[in-house]
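Model the full structure from these sequences, guided by the hints.
Protein chains: 2
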Amino acid sequence: MSSIKEVAKHAGISSASVSIYLNDKSTNRVSAETKIRIEQAIKDLNYYKNVFASSLSTQKSKLIGIIIPTILPLFSNDYTNTLLSGIQTRLSSFGYGLLFFPSSAQSSIEIVKEQLENSAGCDGYILFSTGFCTMKQILKNIGELKKTQRPFVTLNIPQVDNTVNQVLIRDLDISTGVRHLIEKGHNNILLLLGRAGGEHAYFLKKDFQQTMERNKLDYSDKKILYGNYSAETAYSVVKSAILNFPDTTAICCMSDIMASSALQAVFDLGKSVPEDISIIGRNNSLYSRLSNPELSTIDLHMHQAGLSSANLLLDTLSGNTGIQKILLSGTLIERNSVKTLNRESNHDS
Amino acid sequence: MSSIKEVAKHAGISSASVSIYLNDKSTNRVSAETKIRIEQAIKDLNYYKNVFASSLSTQKSKLIGIIIPTILPLFSNDYTNTLLSGIQTRLSSFGYGLLFFPSSAQSSIEIVKEQLENSAGCDGYILFSTGFCTMKQILKNIGELKKTQRPFVTLNIPQVDNTVNQVLIRDLDISTGVRHLIEKGHNNILLLLGRAGGEHAYFLKKDFQQTMERNKLDYSDKKILYGNYSAETAYSVVKSAILNFPDTTAICCMSDIMASSALQAVFDLGKSVPEDISIIGRNNSLYSRLSNPELSTIDLHMHQAGLSSANLLLDTLSGNTGIQKILLSGTLIERNSVKTLNRESNHDS
DNA sequence: ATAAATATGTTAAGCGTTTAATTAAAATAA
DNA sequence: TTATTTTAATTAAACGCTTAACATATTTAT
Chain F
27 MSSIKEVAKH AGISSASVSI YLNDKSTNRV SAETKIRIEQ AIKDLNYYKN VFASSLSTQK
87 SKLIGIIIPT ILPLFSNDYT NTLLSGIQTR LSSFGYGLLF FPSSAQSSIE IVKEQLENSA
147 GCDGYILFST GFCTMKQILK NIGELKKTQR PFVTLNIPQV DNTVNQVLIR DLDISTGVRH
207 LIEKGHNNIL LLLGRAGGEH AYFLKKDFQQ TMERNKLDYS DKKILYGNYS AETAYSVVKS
267 AILNFPDTTA ICCMSDIMAS SALQAVFDLG KSVPEDISII GRNNSLYSRL SNPELSTIDL
327 HMHQAGLSSA NLLLDTLSGN TGIQKILLSG TLIERNSVKT LNRESNHDS
Chain W
27 MSSIKEVAKH AGISSASVSI YLNDKSTNRV SAETKIRIEQ AIKDLNYYKN VFASSLSTQK
87 SKLIGIIIPT ILPLFSNDYT NTLLSGIQTR LSSFGYGLLF FPSSAQSSIE IVKEQLENSA
147 GCDGYILFST GFCTMKQILK NIGELKKTQR PFVTLNIPQV DNTVNQVLIR DLDISTGVRH
207 LIEKGHNNIL LLLGRAGGEH AYFLKKDFQQ TMERNKLDYS DKKILYGNYS AETAYSVVKS
267 AILNFPDTTA ICCMSDIMAS SALQAVFDLG KSVPEDISII GRNNSLYSRL SNPELSTIDL
327 HMHQAGLSSA NLLLDTLSGN TGIQKILLSG TLIERNSVKT LNRESNHDS
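Protein chains in written order, with our numbering: chain F, 27 to 375; chain W, 27 to 375.
Because the hints were derived from the structure by calculation, they are not lab data. There could be a bad hint or two in this list.
Reference listing, derived: stretches of chain F covered by chain W, where coverage requires no fewer than 3 residues with Cβ under 8 Å from a Cβ of chain W [said to hold, decoys possible]:
#1 116 to 129
#2 144 to 156
#3 306 to 315
#4 351 to 360
Note that this is a predicted model, so its numbers are computed, not measured. Virtual Cβ for every residue (Gly too), placed ideally from N, Cα, C.
Below, the structure is given as structure tokens:
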């Protein structure tokens, strides 16, 4: 690895000139001929600028740390990937790179701590929340982020106090799906959530209960299923739930993947969608469009959420010290997996 | 941001001691009481180690640069995400983080160049290939990587010479699907590829042609479709192809997503799968399992490929200077989207 | 009692850039 | 001609951390 000094020596000038040129190729502090000699030297020596030395010197790294408190492999979750995709799109166009730190810890808090430990020097952070996090952990993680004294924004985390930049997709948006089903005449609804214990699941469950009770419909904990975000678990959980609750007319799912699996389970039970049972997904992902029948779903605007969080961070990075909260709402996408029920007959169907 | 010096001062010792302790908490060059004082100081000052200063000093960053020559948003491609997931799993467990550099360029070569420009200091790189790359570009990109003098491995790139560590999934594995269809009695096969122009598509197409001709079956360029890796394009392209070639008995697809779309197109034409038309996908992704009928597909072992590339890099990083080539082959997953045809009757079906 | 070993520190140089301050030569103005 | 400005460079300190080399006090061995 050749350094700027070697480039300078090779070009017969001082390293300061090389640095000045490299940071502004149209500078007039370096003559035209010298520029040519520098370029030649860079080529001859295969010089690449050391990002660490440069970051250390300028106290700016043009790198954003992405903190995702999960013990699962990264890049394997549909939601997260869509968010990341939005984030990267925006940050990249402003010249920022993304940094993912390793962690071997097993708990949300330890993961965040470990990732932060060697991360000072990033220009900012984006903190995700995942189904693993309880509210207590989320708050602790935010506290940890605050300690770094760097700008950060939280993404898809249940709403927290107003001292933190946050982008959130209303957790309550499971209710959009539930309300849609109720409007269509369903009153025997199964709720298929991800992992029990996390704050997300807790919120969604509470919201479901409220929505059901507000509509004077039966609510029972037993009608809340946990599919663990996986197709397999969702499949088997739905299958046995339908056998347990043969009156079920609809399933409201927390993710399109689980909705797709639910659909398979219903089929394999010899029933059809939406004739016998209606299904609604969540996320408007490709899964919902590619299933048969195509799934009605709630578009969570994850890509937009990613863009927004990047924008928010960029804004803060450029000196805006105000705290912002960006709230995105899901929108219902009606397709072919929900049947309109005759209110009178739905107990007999 | 507090520095190690401030921590040292606060603890009443020299920064060397702090550094020594931080890099080995069980060191015996620092007394037990001093360790406690250091910990206290770190807490009091919210100290985090500056990754750049540390990397600069040790000449090791524990960071791997991921180079993906695409102009599309990162994290939006199913293949790539699965590869990344494998890479991250392995690298993280060895304490390595991932670095994604920004780039605003529009061509494969410029993208790689730009990303490398400010990346010196990474311990190593993993270079992806994408549907955008022609062989020429790939070779150029590899040349660019070589110049960095850092260990790197190429992933999913058409086989190159033996001076480069490479992990590849045999490009020819479209033939596994084609052969399967032929064995099942199909001889009127449509090939659905991604993007025209890239090396991947070129290889797959050539291989298809060879396989068809070796089996003495009609081959025509017109039966090669380009779905642009997208569900929408695949759908419309398949729809019109089936109208053009009503004798079609099977479609071999380069990706599960496009296969899923092909399935929809077939349905929407009033035909059914596999009764009228057989479909085979590629990647054994969730899409193939969640479609109805479930898609036969080729498992490309993308996650394993990611793991392997990480292993290979780790191996090189730990001093192994030998060049390795890891070749993974796809394996056929038979599900319910391929029908066995009676060879005599397949022209009349 | 002396020498050797151990325990616990510290000093200072170096990693590769950047940049404020400075210099020197050349060009222009007075 | 001399003073001023412009152009094109250089010098040297700083960024925060690591580490080889050195220092000193305390234990242990002889």
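Quick rundown of the hints versus the structure:
1. 116 to 129: That given contact holds, which follows from 13 residues of the segment 116 to 129 of chain F lying within Cβ reach (below 8 Å) of chain W.
2. 144 to 156: Contact hint for the segment 144 to 156 of chain F vs chain W: holds, 5 residues under 8 Å.
3. 306 to 315: Contact hint for the segment 306 to 315 of chain F vs chain W: holds, 3 residues under 8 Å.
4. 351 to 360: violated (count 0)
In terms of the numbered hints stated before, the structure departs from hint 4 and from no other.
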